[in-house]
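Chains C and Z supply the protein sequences, listed in that same order. Sequential numbering of the first sequence, starting at 1, is according to our numbering. Sequential numbering of the second sequence, starting at 1001, is according to our numbering.
Hints in this document: simulated from the structure, not taken from any laboratory. Virtual Cβ for every residue (Gly too), placed ideally from N, Cα, C. Misleading hints may appear alongside valid ones.
[As the list claims (entries may be wrong)] Distance ranges between label pairs, derived from CB positions:
id : chain 1 : residue 1 : chain 2 : residue 2 : range
1  : Z       : G1260     : C       : E213      : 41 to 51 angstroms
2  : Z       : D1273     : C       : G252      : 34 to 44 angstroms
3  : C       : A65       : Z       : S1303     : 31 to 41 angstroms
4  : C       : V110      : Z       : N1275     : 52 to 62 angstroms
5  : Z       : A1297     : C       : L97       : 33 to 43 angstroms
6  : Z       : G1291     : C       : L180      : 57 to 67 angstroms
7  : C       : N176      : Z       : G1260     : 43 to 53 angstroms
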Amino acid sequence: MILKILKEYNRILLLPVIILCLSVIPTFAQGSLSIGVSPTFKTLKMQPGETYSDEIVFWNLSQEADTYDVYIRGFRQVENQPGTAIILTDEEEAEALYSASKWISVEKKVLTLEPSKNTKLKYTINVPTDVTNGEFNAQIFLISQTKGELEGTGAFANLAAGTPFLIQIGDEFVENAELLRFTTDKKTYERINVDFFTQLKNLGDTHITPAGEIVVENIFKQEVARIPFNRNKQSLLRDNIGNYTDNWSQSGYLSPSKILTVGPMKAKLLVTYRSFQPGFAVLSSEATFWIIPWKIIIAILVILLTGIIAVISKKKLQRKK
Amino acid sequence: MRSIKTLLKIGIPTLLILVFASFFMYFSSQAASLTAVYVYMNRIQANLSTGVVYIVAVAPNSSFASGGTLKIEFPQTQDTTWCRTAGSMTVTGVSSSSADQSSGNWDIDAALPGTLAGTCSQGGASTADTITITGLTALTAGTTYGLQIAGNTGILGTNSTVGQHDLTITISQGATIDSKTFKISLVSNDSVVVSATVSESPSVNCVIGSNTVNLGTLYPGGAFAVGSHTISTTATSGYYWAAYGTGNGSTDAGLYYGGGPYLIPSSGSTTVDLNPANSEGFGIVLTQPAGGSVVPANFLAGSNGIFGSLDRQFSGARMILYKTSSAASAENSTVTYGARASTSALPGAYTETVTFICGGYY
């Protein structure tokens, strides 16, 4: 009988138990994490058998010391974002053709960053004698060791930062790229705040740093804007695709040279990427979009309509008189 | 014989009077040591030919009537090295100096009173280089007076020998004399050249406000819970933040309870919607910092209950914030974590470790 009652009220009893268990009061050891690094990247030109030594400087601007594990791995871009670097997983590293991680040695495997103090991490790169020409990469990367005990529901935040290395072996490289896409984020804009999306693929055997311009013309083929492409000089790794975003914004509807910037627009992208004679390999594409200041247009129409109605009404009144 | 007697009668008393009188006169000269004295020089380098300025603090042991004189005498064997050119000095009473001690007599109480005039004279065969200050008005015993002596037509320098040198400071007025001899020390070089090079290398500085986030209590089938911390960045030429989770270590990122096991996943390629009834998930959103930084749409805070989804491992890192130009001052963003448990969630303590990657562009 008792068992039957318990079985019947099983669900009712279970809920408070679950709530009780999930409501364990968490104890958190909170602390801030701070890491500064210089340089943020390093490009080297080396030869087989060559050795290079230098240092990376890390610092910690928080009030307490932080301990970091040091990783040396090949890297790849984060989500096709040129100029970014995230180290490879063990599996990826094992298959990475251009990883230079095995060439690099550092003096410490664990680094403690004292508050408000620069900490140098010395490294040495030994290029193997039998390496083929081309560009290889690796990153010296720090990841904070998770601190504190956590009971209950919550999240730990780790901080990671490092210095990517692009190591060019040899003197001659194939620089080749393909323009995959050039478009705007929308087809019509009320205000001039246009994001141009460009997608490039690096087909060469070294990184490229594309540069160029986006020239915007109005319906009368008058140039209304000239926007630098990739003004931050973000590089694209070999065998990678890179998405570039360039913004064009302007407060009014007149260009700096007082040309009307309303209506259909045509943007022409011109990109160069070769370090030697870049003008011989230009990538270009066009995108069209509209700038329609509809609020202003509606306001003008309303004023015009009001005026017309007023005039007609006045005439009608005059006729009646 | 009578004349001898007369002579003795007059001579002996006269002699006695003279002896006593001279004895009395000798003791009327009240010489004492200064209670406190210091000399604070703007330069302590040996062999300076010009530009030396003294701040002198003196506390007389005696009280002095108006019309006194203050003298600073340098070693007799170092003529013309301290007073490089004889002539007038610029003398100013000062009521404080950097060398003042917070307590005791080495703390200037008042500027040396009077219409002060100073000269610097070079020593000779039997005299030493001397600075003489005249025009002092009445001084009170135990009060520490301050004065500054700088070159005018007279030029002050320092002796060429490194090490200690005796200096005697005397205040006198009539028969009242207070003085003290003490040492000052000269060094070969009193200037430190500090040099530093500002590196050309680009740098980035990244801060996470807190390494733990409390999501409070999740009720199975209940509402979503949030917790937050800030991230802050400065960079010389652009920066980016990416993030990835750990989850259960095999399938997805998210809040994980190893005792179950049970994963509240951060599923989906873009966002996790925690609004539908009995939904379950974990994600983060960020506020967009001022100054032109960009938070990708799926991670941009603003839609209630919708959070950007994370993936796991390095390979699952997702861009959460970036800027393609420099950030000279700290750019702050608030990272908010959101989580919701469905009715099927097992009771227990759930945790997730989110790794934030911060870097500058190459």
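Verification of the hints:
no. : hint                                 : result
1   : G1260/Z - E213/C: 41 to 51 angstroms : 57 angstroms, violated
2   : D1273/Z - G252/C: 34 to 44 angstroms : 39 angstroms, holds
3   : A65/C - S1303/Z: 31 to 41 angstroms  : 39 angstroms, holds
4   : V110/C - N1275/Z: 52 to 62 angstroms : 43 angstroms, violated
5   : A1297/Z - L97/C: 33 to 43 angstroms  : 34 angstroms, holds
6   : G1291/Z - L180/C: 57 to 67 angstroms : 30 angstroms, violated
7   : N176/C - G1260/Z: 43 to 53 angstroms : 52 angstroms, holds
In this structure, the earlier hints numbered 1, 4, 6 are contradicted, and the remaining ones agree with it.
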